[in-house]
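**Q** Once you've looked at the hints, dock chain B against the given chain A.
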Amino acid sequence: MLNCGRVKQILPSYLEQKLDQDLHQEIQEHIKFCSNCLETEQSLKKILQWSRDLPEEEPSLDFTERVLQSISPAVKTPGKQVSVPIFRRWAWAVPVSAFAILLIFVLNYQSEKLPSQAADEQTAISTGGQELSQSASPVIVPEGPVEFVMDNWDHRSLQEYGEMTRMQRESRALFGDNQGGQLQSENWRVYVMPVVQNQMAGYRTRRPY
Amino acid sequence: MATKLMGLDQLSDQKLMAQLQDGNPAALERLVERYKSKLFNTIYRMVPDRETAEDILQETFLRVYRERRSYNPIYCFSTWVYTIALNLTKNELKRRSRWRLFGLAPNENHSGPTEERQGHLNYLMEQAISKLPNRYRMVFVLRDISQLSYEEIAQTLSIPLGTVKSRVNRARLMLQENLKPKLESYAQLWKS
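Heads up: the sequence lines are chains A and B, in that order.
Residue 102 in the working numbering sits at position 102 of the first sequence, with consecutive numbering throughout.
Count along the second sequence from 1, add 209, and you get the number used in the working numbering.
Hints listed in this document are in silico derivations from the structure and should not be mistaken for laboratory results.
Source: prediction; values computed, not measured.
Please note that the accuracy of each hint is not assured.
[Said to hold, decoys possible] The list that follows gives simulated cross-link-like pairs (lysine-lysine, DSBU-like), each with its CA atoms no further than 30 angstroms apart:
1) A:Lys45 with B:Lys389
2) A:Lys45 with B:Lys224
3) B:Lys224 with B:Lys303
4) A:Lys8 with B:Lys389
5) A:Lys32 with B:Lys245
6) A:Lys45 with B:Lys245
7) A:Lys32 with B:Lys303
8) B:Lys340 with A:Lys45
9) B:Lys245 with B:Lys224
10) A:Lys46 with B:Lys340
11) A:Lys45 with B:Lys391
12) A:Lys46 with A:Lys8
13) A:Lys8 with B:Lys391
14) B:Lys374 with B:Lys245
15) B:Lys340 with B:Lys303
16) B:Lys389 with A:Lys18
17) A:Lys46 with B:Lys374
18) B:Lys340 with A:Lys8
19) A:Lys18 with B:Lys247
20) B:Lys299 with A:Lys32
21) A:Lys32 with A:Lys8
22) A:Lys18 with B:Lys374
23) A:Lys18 with B:Lys340
24) A:Lys8 with B:Lys245
25) B:Lys245 with A:Lys46
26) B:Lys245 with B:Lys299
27) B:Lys247 with A:Lys32
28) B:Lys389 with B:Lys299
29) B:Lys224 with A:Lys8
30) A:Lys46 with B:Lys224
31) B:Lys247 with A:Lys45
The following block holds chain B by itself, in its conformation from the complex:
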């Protein structure tokens, strides 16, 4: 089994999907290992609630397994899996916005501010990111946190490349405007 897994490690995503289509569940294990951190990081930045983010991630891999026959190997696996994860995330965000409308906002368990300098900066960043509108937050997270290329983002979200670029720019400027006063007061506090 170990040697078999070692062999699977060398395979590309497309080949692993072909193995999965042939009925080898070990291929799914490899794919989960490859993508779980990247995807979780992306989902968690969108839905800042660990439990829900894990549920979405689990559902993503379940869908990969269930829809394995519909995967076309000429397309990039990462784009496919990101599309599934982001569609589920979008559904969750829509549901949350509906809840918020009725005053039933679910808790978002970001880490609180810490004494440590970097910890506090991270906290400020997380807060500012979570305040961005969904469409801008999504492209910002994909570009600046998950480090996807503009082309990959455009394919994953099925929007034009120009729109992706302008949204990323806009998101960065919004973040900068939001963070500027906080950072100024924070810098003064830190100096003192």
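For reference, chain A alone in the conformation it holds in the complex:
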């Protein structure tokens, strides 16, 4: 037994008489007793009729001539062929201008970066009178907080460092400024390490370059 939903679905095919005999009869029976489906059937019939009765539209009278003209290169006119709207005519300008803007930004960035790089190369960091780098090897100066780290730091070095600072303090006291030698050792390397301050925990961690 068909319900109204199913009948409604197959009504268009029913009107075209494309259904098999049994189904066709079943729908016929249903429509006899169901006013809703009968109404749908009636309005569908009208719609199909109206769609067939819609007026025939014709292209302009000189259409064939225009087609023939457009295929013969001898008579080809530079005038209107297929009208291209202005948005399409200038469609190429969008990626080109985007690329140009990008290029300007990149060049601008490069020109800003170059003098600072040159300055970086000439900068040398000295700690306690010791020059860490020569102009041959550029020194990268990190942004943000840094820590001075001593390499090869062991117990012996600690003692040596303590001894030297003590000697320096004493020599300063005895002979005045910078007379007691410099704080340097063959074993030590002092370098700058960027650090990250952990805002929550409060501790600092070294981060690699």
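**A** Just chain B now, with coordinates in the frame of chain A:
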């Protein structure tokens, strides 16, 4: 020339295409005369703008001429030409939907409502058809306005036959739902 054209009139579409492939442009003229009304009617129902519909139709015949060598005479010419026209129409519809996205919807110059009863009904029908989603409108126009068979529609749009049938059914029901309230108020108005 007239007798030659008379002779061409008797030829089937396939034979006219063979003539065109042999370099006889008069064959194209015959084909244009045969198909321009049917195709224009179909395109115009899809893209309700006379000028654009004519441009699409002209481009269709230009492609027929340009691609004449690729036409295989074992296939039906009408299916081939409808496929070209509908592909161009689909491209135009896609372009329009993009425009609509940016608020640049092109004007659609359907005839306005008229005093005459049939004229008003046509207007209501055209409005309802233009509101159908593209995929349903296309099969509805091909089936109920251009009167193509289900098989031809399936070949032209390269979709399964069952899909064509279900889309046609769905399109008709959508139209019926859309038109029902308008027709009721219209009938009351007409009676009064």
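**Q** Against the structure, test the hints numbered earlier, and report the numbers of the ones violated in rising order.
**A** The structure conflicts with hints 2, 3, 5, 7, 20, 24, 27, 29, 30, although it agrees with all the remaining ones.
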